[in-house]
Every structure is written in structure tokens, then in C-alpha cells.
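Add chain U to chain Y, keeping to what the hints say.
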Amino acid sequence: MLHRERIPLLWFFFQAVVVVAWCFTDMETGPGAGVSTQPNGDRFKIEGRAIVPGLKTQDWVSTARILVEGEEYVGFLRTDGSFAVNDVPSGSYVVEIVTPAHRFEPVRVDITSKGKMRARLVNYIKTSEVIRQPYPLQVRANGPHTYFMKRETWGWTDFLMNPMVMMMVLPLLIIVLLPKVVNTNDPEMRKEMEQSMNMLNPNPELPDVSELMTKLFSGSKGSSKAGSSSSKGTRPAVKRR
Amino acid sequence: AMARLIWLCLKCIMLYSTVQAVFEDQVGKFDWRQQYVGKVRFSHFDSHVQSSKKVLVATENNVFASLNTRTGELFWRHVDKTGPEGNIDALLQHGQDAVLVVGNGRLLRSWEINIGGLNWEIVLDSGSFQSACLVGQQDTVKHVAVLKKTIISLHYLSNGHQKWIENLPESETVDYQAVYSGGNGEVYALGVVPHSHIAIVAYSLEDGEIIKQVIQMYTPWLSNIQASCSVIDQGVLTCVDSATVSLYMLDLHLQSQMTQIPLQSLGLEVTPGFQPVLVSTQPNPARPPLSEFLLQLGPEHHLLLQLNNGHIVTLRDFKPLYVQAFLKKDDSVGYRVIVQTEDHTLTFIQQPGRVMWTREEALSDVVTMEMVDLPLTGTQAELEGEFGKKADGLMSMVLKRLSSQLILLQAWIAHLWKLFYDARKPRSQVKNDVTIENLSRDEFNLQKMMVMVTASGKLFGIDSKTGSILWRHYLNNIPSNPAFKLMVQRTTAHFPHPPQCTLLIKDKDTGLATLHVFNPIFGKKSHISPPPLPQPILQSLILPLMDQDYAKVLLLVDDQYKVSAFPSTKNVLQQLQEMASSIFFYLIDSSQGRLSGYRLRTDLSTELIWEVVVPTEVQRIVSVKGKRPNEHVHSQGRVMGDRSVLYKYLNPNLLAVVLESTDLHQERSFVGILLIDGVTGRIIHEAVQRKARGPVHVVHSENWVVYEYWSTKSRRNEFSVIELYEGMELYNSTVFSSLDRPHAPQVLQQSYIFPSSISTMEATLTEKGITSRHLLIGLPSGGILSLPKMFLDPRRPEIVTEQSREENLIPYAPELLIRTEWFINYNQTVSRVRGIYTAPSGLESTCLVVAYGLDIYQTRVYPSKQFDVLKDDYDYMLISSVLLALFFATMISKRLAEVKLLNRAWR
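Taken in order, these protein sequences are the chains called Y and U. Taking the UniProt record's numbering, the leading residue of the first sequence gets 1, the next gets one more, and so forth. Taking the UniProt record's numbering, the leading residue of the second sequence gets 1, the next gets one more, and so forth.
In isolation and in its complexed conformation, chain Y is listed as follows (with noise of 0.2 angstroms):
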């Protein structure tokens, strides 16, 4: 009892221990601010245009923006869907258009200290692997984002493709239609069945649940037709299986 008081005192005490605070010291994050403060180095334009196949520009492009680089360089897209991102100087940029509906690939633009401009493929692991893109850039959506997961629906068809349910399902159609297939009244084909039957069944004086099934079910349905056909008859079709 003593011991167990005595643990979440520690713990308290341990608690107290803790004493990781928010820091109030103020510290300046200011990542490109050596990069913004150049005077006019040569600054370059990128240019281009982006396409969304089967809409009007006006719809789509009030919500895109141009990103170079994260927001290090913003564009914005002219009504005819076309683009041009000033004040950029060389260096490797990936650029890309974001509108919350569509989809576009971004793209490395390379700007040579010269002002030769050229497009390339992004390829984040091998990243001097050059794929030419066309330069003035040419994005064409491929397609609305998919933000949507499909809700699982129920369908009869599934339920019925469910294995399990096959595997019920088969085995009981299997007893009640091949006693009807069969025709356990010809001797011969009876004698047939016994033989495999002992075959099989190791040890026949254990009871078994198919037994009982077959027991059932040729008991309703076939009372009239199979009249005094013992259960014997039955058993070694569905055995047979």
C-alpha cells in the first residue's frame, strides 16, 4: 500500500523535473535574407504557359499561383494561362503551378549566369540527370487532384465474391444438387460409391456432420421421390467431393 502511494509522488516529483518551457529569447529566422538584400544582380524571367485540357483559363486561374523554389519566387498566371516569373537570377529552380483543383509536374528551370535558360524533368535522386522539357514551359494538367479516398460501398456482388461466402456457399450446393445429379437408386453406381466411400473414410463408425446434413436435407425433399432410400445412399456422394 505504502509502495503504491509512493509511485505517483514520484512521478510528481519527476514531473516537476520537467521543466521544458517555451523559450522567450527571440531569434530571427531569416533564411534567404542574405539573398534579398543583392543590389541588382542580373535578374531573369521565367516564362511559360500552363494548360488545363477542357476548361477556360478564366475558370482556374484566379486560384494558381507560380511557385519557384517553395514561395521563394511567386507567379501569378495571365488570364490567357500564360506566366512570367520576374526578378529571378540564375541559378536551378524547380517550378511549379499550384491551383487547389489540378494537377501540374513541376519542372527544373536552369538559369545560366549568362541568362541561357533551359527545362528539365525533376528528378530529386539522380538531380543532374537532364530529361529536356521545352523552354518557354508548356505544363499541361494531367488531371484533378485526388483528395478522396472511395467510401468501401455494399454491393450484392460483393458479398457474394467474399471467400468466405464462396466457400459456404459452393459446398452447400454441392450436397443438394448432386444427389439429384446422381443417380443414387442404380445399384451399381451405389456399390461404386461405397467402395471409394471406405476408401476415404478411414473410420467409419465416427459420426459425421456432413452425414447429419445430407440426413436433412434428403429427408424434406426427398421423402417422396427417394422414398425408403436410406441415408447410406446419400452419404458417399457427398463424400465424394
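It is possible that part of the hints are untrue.
What the hints assert, rightly or not - Simulated pairs of lysine to aspartate or glutamate, EDC-like, Cα-Cα distance not exceeding 16 angstroms:
1) 126(Y) x 815(U)
2) 150(Y) x 729(U)
3) 142(U) x 206(U)
4) 562(U) x 631(U)
5) 713(U) x 129(Y)
6) 126(Y) x 718(U)
7) 142(U) x 207(U)
8) 691(U) x 729(U)
9) 150(Y) x 815(U)
10) 81(U) x 87(Y)
11) 150(Y) x 821(U)
12) 81(U) x 72(Y)
13) 871(U) x 152(Y)
14) 865(U) x 152(Y)
15) 81(U) x 71(Y)
16) 150(Y) x 872(U)
17) 648(U) x 729(U)
18) 713(U) x 110(Y)
19) 45(Y) x 125(U)
20) 150(Y) x 24(U)
Claimed, not checked - Take a look, some chain U residues computed to stay more than 10 angstroms from chain Y by CB distance:
21) 277
22) 573
23) 756
If you are wondering where the hints come from, they were derived from the structure by calculation, not from laboratory data. For glycine and all other residues, C-beta sits at the position ideal for the given N, C-alpha and C.
Relative to the frame of chain Y, chain U by itself:
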């Protein structure tokens, strides 16, 4: 090999499918978004069409937007780069075009305001921007003039091309401040030599030739043309001077002498100490401004004057006219006004003085927030209150229970009655407005009060379920450069004590701080008066100690390293004395690169116990992240493939210190992470990423630290994860003490490529920490990605083995994927995400998320799916129909069996 590949694919598919996503029918069910624009700098009613419902606003957050005047909602919004490069200097509008000068005169943009698309954008010549105006001639406006420090340029409105550019004469002495055009084919540049004279240069619209140049008029009183002058009527420059209490008028065309009209001669008086303001209107740039103009003589005293053949006539005297800078007359009959108040509230008023809508633009700049549990309803509280007092006798307890049950019954009947009453009314009339009166906690504590602190000093209480603002409180003594820290001192759990939040407001320049204590549910200021804080505050910490009224103790460390407590009752001080030896805290001085740890003494003085100094010439401390105090870790270890357990190193005092090199050269820059024990100062681990630079985003939780940086070598963003493990055995499994932990933890680290830069990052948080964790990543595109932590696991194997398969580890892949299905906010993008706040709910599976930036977005996430409640798409119909079918099947088969038995008996 093929088999393995297929297996890998299968595994990936399986994993992806287990990850949560939003279903389409859930849109707007648990989430909401509010979009803002920020503090308005320029606004313009779109009046070129009579029926137009648009008002254009350009804000200090570098946002240009079009608002619906009927509802206050956004038609479209364009968010430019933050900082001075996206700064909007001027907004001009003509017809369907709006012209913006951006980035201190660097760019000239023209927008088509109906679509919200760009017409054109051009780069202007360098130079500091002064003023811009539209230039018209013969009733058509075709040009825009831009005045800079040394040059004036004229551009075509249709395509932005430059028509002419001219140097301004004597620009080294004359300070050109304004540009004006009255539609007569001339463009005037107005400059002033402070405290000396005015200079006016008239350019020809056609070729930029100087037509007239006048440098004259002794005007020692004038220093700022835009503040005190305005052009009215047929080009009459009118200035107002507070020293001589006079109006000065000068006809720009005649260039005659300046005439002085003392205000006294008009029978006017200026409020002492007030700088009078002149406001004129030029409805059409191709025509001269109106002859009527407004003169503000006092804070609440405006005059409408008219210039009539050189004489000034007082038209109307408004005694208190609240409308200021954003006044614009529609026509003589009606008016519509947008008013922005000090607390950044935008109100739209239409004749006859009807408030159409208000926008709380302060919410575009949320600094910090907390989520507070809602109180129980009165009846629930009554029941709870029963358990508080134990001294009562048996009889009174029974009576009390009976009475509270009675109250509950009463409340239930009232609820039923309300349901019945509402059911009779048409659905549209039934309102389920949330007000402070009917606020109460729901079953699973999913609805909470969001307390948001904004940079303007306005506090908001927002209902997390609907997003409606329940209370607002403007603090009007906020310093100019403030830092805020919001703390919950008492939750709603301690009825009848009211919940209590404390906001620490610190002036970043002086370090002096004040406390604002309030009730987070109602927003009311508490009657408890906080202690005065005469010394600058270095550090504040909230202790798990409570006073007799269940308020957590707040410790404040001042620059003398003295500690004061709030509340500081006798009880608290006594507890502090007892606990002093186990209270540690740390201070950071980033300018000195010093990290130091202190211990509290019993007399509330402090003692330095450790110090880590980072050489500031090489690197600087960027941020320090501890763990969240309300975080729970459910499992102490991880079960390995061979059924052994790898124990986590769960040090609650661990700090992750982010260092960045001062050298930003891409070959030499680096990013470092130091893991320091906050109590002992022991450096647990140090990791350095070479050829990398910030901004570094860090999440520190459980036994892991995830950070993101920019790799300068490969020009990509990379994630790195550090996990700490004790090993196969726990040293002391009951408690963790920093002072008694002899073995250094095992450190595992792995890095990944991330195909986007990120804005902010946070981890999900749940009640008991059983649910798996996700990282919530705010992207610049506006999406909020929910990335399962299991993708950032340093134990992800490169070669798949039986054991790793057993452990459910995903094979290592260098690149992390961004799947839009993982966006918790689907297409509801959140611009400029600055912070993501996560809070646990009453359900273990559910974590509440608020992302804030320019917009606010609230939603719920289920990192391990909803395992503890029925899903919202649970098919009640199916289950009940199956049950019914089974029931009838048994009935029928029973009947059949009976018949059969009967038949058999007959046989």
C-alpha cells in the same frame, strides 16, 4: 527478385490503403476554413458598373483580393511573397483593370478584376517608389504614370509597355513626392525641398517633354506633400499647415503665386495639437478632381468644403464623422463605406447606416493559440459538484443526489420539449446557433474553445465545431514589437473555480512584460490582478504544481535571475520551497550563443548549474524544442521481429537545439542538431548535416526528433529522423531521472528526400498516445499533408528480412511521396501556414487540428482510423435488415420444422 518486387509492391499498396484519408461525403462535416486578407492598406470600390458587388483591397500582408460587398466573402485572392518584395505600394483602378505597384516600385502589375487573372506584369527600373497615378485624356484613360525618386515613367494601361521615361530635374535636392494628372495632356510631378520651397514639373503626355518647370514659392512649412496637400478642382494644389493654421492654394496651370487663406477667415478652428488632413476625390482620372473636398480639423471634426471661383464655401459640418481614410462616395444619393478600426476589423456600412458585414482581419495574423475544454452544463456540473464535498452526512448526500437527479430529469424533459417544438417548425427556421449560454462539452470532448491570440493584440474565442467567434477582446496597450505566450493555468475541470488563462505579453525591444489573466470561455478579464513586473522577463514556465484553487503555478525569471511566482500565495511559496531542489530551467542567449541551465533555490533565487556555449562566429542557435508537456507515450518499447523489446529513451527533459552555420556559402554551410538534457546539460547526441542550410523545421516528441532542411548540394529538401533507444533493457523502469541515467542511449538516424519545401510541421497528439503518430506538414501550395511517422523510421531496412517483415517495417526508399489523398484539407488550401496546433480529444483515435496562417482551418484527424467509435458511414440499415431477415428466417424455419415433425408423426 521478381517475387520480392511484387511482394514489395503489395506491401506498399497495403500500407497506403491503411493510411487515412478524407471521404468525399465528409466534406465540411468536421472541418471549416476561414479566409482572410489582413490589414487593409488600399481599398477601392469597383464602380465602373453600377451593379458591381466588388470591393478591391490590397493589404499589408501582400494580399490583393476582391470582396463581395453583399456578404463580405472573397471572390478571389492573390497571395504574393511575404516581405518587402511583395509589398503593395499603390493600387489604382480603372474599369476592369486594377494596377498595382509592388516591391518598392520594382513591378507594375495589371489585374483583370472580374476573372482575377493577370493582364500583364512588367519590371520597372530600379529606384525608390514615390507615387503613381492614372493618366487620361479626352475622357479615356490609357496610361499610368509612376514617379520614383529620380525618374518618372509613363506606361500604357493596355500592355504595360513604357511610353517614355524621363529623369527628374535636380532630383538630388528636390524630394519628388506626388504625381498628378487632370486630364489635360499634362503630367505633373510635385516635389519639395523640405523647409524651403516647392518644385513643380509638368511633362507632356505625348513625348515626356518638360512643358513647364517652376521652382519657387517659399514654403518652409511644407515637408510632406502627400500628408498635407491635395489637388482639387481644376488643378488647384491645396495644402494645409497646422503651424500657421492656413490653407495654401496654388493653381498648377497658371503657376501664379501661392495664396494663403487663414482658416480663421473662414471661421474655422483646428483642434490644438491636431494635424489637419485634406481629402479630395478624383472619380475619373481623365477629368479634374471634384471641387468639393474634405478637411479634417480634429479627431472627430470634418468639414465638407467647396472651391467656388477661388472662394471656399463651407458645405457641411460633420461633428463626429467616424468615417476616415476609406470613405468613398458612390453618388449623391447613397453611400457605402468600408471602415477599418484599430483592431483590424473591417466593417462595411451601407445606407442608411446598416452594417452589412464585418470581417475580423486580425485573425489573419494569429500568433499563438490554445484549445480549452468547454465547461460542463449546469446540470452536469451539479452532479460533479456532489463528489467534491465529502463532509456531508448520509442523509444530506441522499437528498442531494435525489435533487440533482430531479434536475437532470427536468433538463431532459425540457430538451424533449424543445425537440418537439422545433420539429413542428419548418427546417429553415430552426437555428442551432452556438452562443456562450448554450456552450457545453459534448460526449467525446470533440468541441472545444479555441483561444487565439493575434499580433494586433486582439484575443478571440472561437467555437471549434462551427468556427463562429464567441467572444473577442481587444488589448489596447500592446507594445509595437510584441511576443506572446499563452498558458492555461486552470482548466474547466475544477468546478466551481472558473477556468483561467494567462497571456504573457512581452515587448521584444525592452523585455518588459505584462500579464493578462482572463477566463477562456467567456473572454472576460479575471478579477485576479496579476503582479506588476518591473524587470525584463527572460523566461517563463508553467509548473505542474497547483495552488489551493487548482491554478497551476507560473514562474517568471527576470534579468536578475530572480524568480517570481504567479499566483504567489503562501501555499504556493511553501510548495515551491519544498520542490525547489527539483525545479530546473534553461535560458538561451542566441546572440552570445549561450545555453545555460539553472536550478531553483529555496529562497527563489537561482543557481547556474551548466552552460553550453556555441561559437557564434561559426554557428548560431536557431531554435530550441522541448517535448510537449501534455504528451503521453503509451508503449515503453518496440517489439522486435525476434520478440525481444527495444526500449525507448523517454527523457522528458530532452531539448533539441537547432544550429545553423553563419557561413551561407553552399559548400561550407551546415545544419546541426544538438540533443541536450535540460536538467544536467549533458549532450546526448550531436548530428551535423553538411552542405545544408535552413530554414530548419523540427518536431520533437516521444523518443524521436524529425527535422527538415535544404540540401544545398543536391538542391532538394530533406527529412532526417533521429530515434533514441535505451537498448534491450530498461535501466529504471518506474521513473525517469536525468540525474541517474548512466548509459548513453542508442541513436539511430535516417534521411529521406522530400519533394517540396515546407512551411511548418507538427505531430498529431492523442489522449493516451496509443494511436500511431502522424506528422502534419504545411506545404507552400496550401495543402496540409498527414505523413505517417512510420515512413520516417530509422529502422526501415534496405534489405528486407523475415524479421523486418515481422515488425511491419516499410523497406527503405529514398524519396517520401506526397499523395494528395493524404491532404487533410483536400482542396481547402490554407495560405501561408504559420502554425499547426494539435490537441487531443476525448476519443483516443481522434486528434483535433487547427492550421493557422493567413487562413484558419480546423479539422479532425484519425491517424489509426476510428477504432474506438463506429465510423460515420456505419451502415445501420444493413445491420438491422440482416438482423430482421435472420429473425424472420428463424421464425419460418421453425414453422417448417413443426410441419415436418407433424408429417413424420402422421406417417
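Hint-by-hint comparison with the structure:
Between residue 126(Y) and residue 815(U) the alpha-carbon distance is near 11 angstroms, which keeps this suggested pair within the 16 angstroms criterion. Annotation: proposed proximity of residue 150(Y) to residue 729(U) is violated, straight-line Cα distance about 45 angstroms (limit 16 angstroms). At most 16 angstroms may separate the alpha-carbon atoms for a hinted pair to count; residue 142(U) and residue 206(U) meet this at roughly 12 angstroms. With a C-alpha separation of about 29 angstroms, the suggested pair residue 562(U) and residue 631(U) falls outside the 16 angstroms cut-off, and the hint is violated.
About 14 angstroms separates the Cα atoms of residue 713(U) and residue 129(Y), which keeps this hinted pair within 16 angstroms; it holds. Restraint check: the Cα-Cα separation between residue 126(Y) and residue 718(U) comes to about 14 angstroms, which is no more than 16 angstroms; the hinted pair holds. Of the supplied pair hints, the one linking residue 142(U) and residue 207(U) holds, its CA atoms being roughly 14 angstroms apart against a limit of 16 angstroms. For a cut-off of 16 angstroms, the pair hint linking residue 691(U) to residue 729(U) is broken: about 37 angstroms separates their Cα positions.
Between the alpha carbons of residue 150(Y) and residue 815(U) the distance comes to roughly 26 angstroms, so the proposed pair goes past 16 angstroms and is violated. Note on residue 81(U) and residue 87(Y): the hinted pairing holds, with a Cα-Cα distance of about 12 angstroms set against a maximum of 16 angstroms. In summary, the hint linking residue 150(Y) to residue 821(U) is supported, as the alpha carbons are separated by about 10 angstroms, within the 16 angstroms threshold. The suggested pairing of residue 81(U) with residue 72(Y) holds, with an alpha-carbon distance near 7 angstroms, which does not exceed 16 angstroms.
In summary, the hint linking residue 871(U) to residue 152(Y) is supported, as the alpha carbons are separated by about 12 angstroms, within the 16 angstroms threshold. For a cut-off of 16 angstroms, the pair hint linking residue 865(U) to residue 152(Y) stands: about 14 angstroms separates their Cα positions. Of the pairs offered as hints, the one joining residue 81(U) and residue 71(Y) holds, with about 7 angstroms between alpha carbons and a cut-off of 16 angstroms not exceeded. Between the alpha carbons of residue 150(Y) and residue 872(U) the distance comes to roughly 14 angstroms, so the proposed pair stays at or under 16 angstroms and holds.
For the hint linking residue 648(U) to residue 729(U), the alpha-carbon distance of about 10 angstroms falls within 16 angstroms, and the restraint holds. Among the hinted pairs, residue 713(U) with residue 110(Y) is consistent with the structure: their alpha-carbon atoms are about 15 angstroms apart, no more than 16 angstroms. With a C-alpha separation of about 15 angstroms, the suggested pairing of residue 45(Y) with residue 125(U) holds against the 16 angstroms cut-off. Between residue 150(Y) and residue 24(U) the CA atoms are separated by roughly 8 angstroms; this keeps the pair inside 16 angstroms, and the hint holds.
Listed as a non-interface residue, residue 277(U) keeps its Cβ farther than 10 angstroms from every Cβ of chain Y; the least gap is roughly 35 angstroms. Non-interface status of residue 573(U) relative to chain Y is upheld: no Cβ of that chain comes within 10 angstroms, the nearest being about 15 angstroms off. Non-interface call for residue 756(U) relative to chain Y: violated, since the shortest CB-CB distance, roughly 7 angstroms, does not exceed 10 angstroms.
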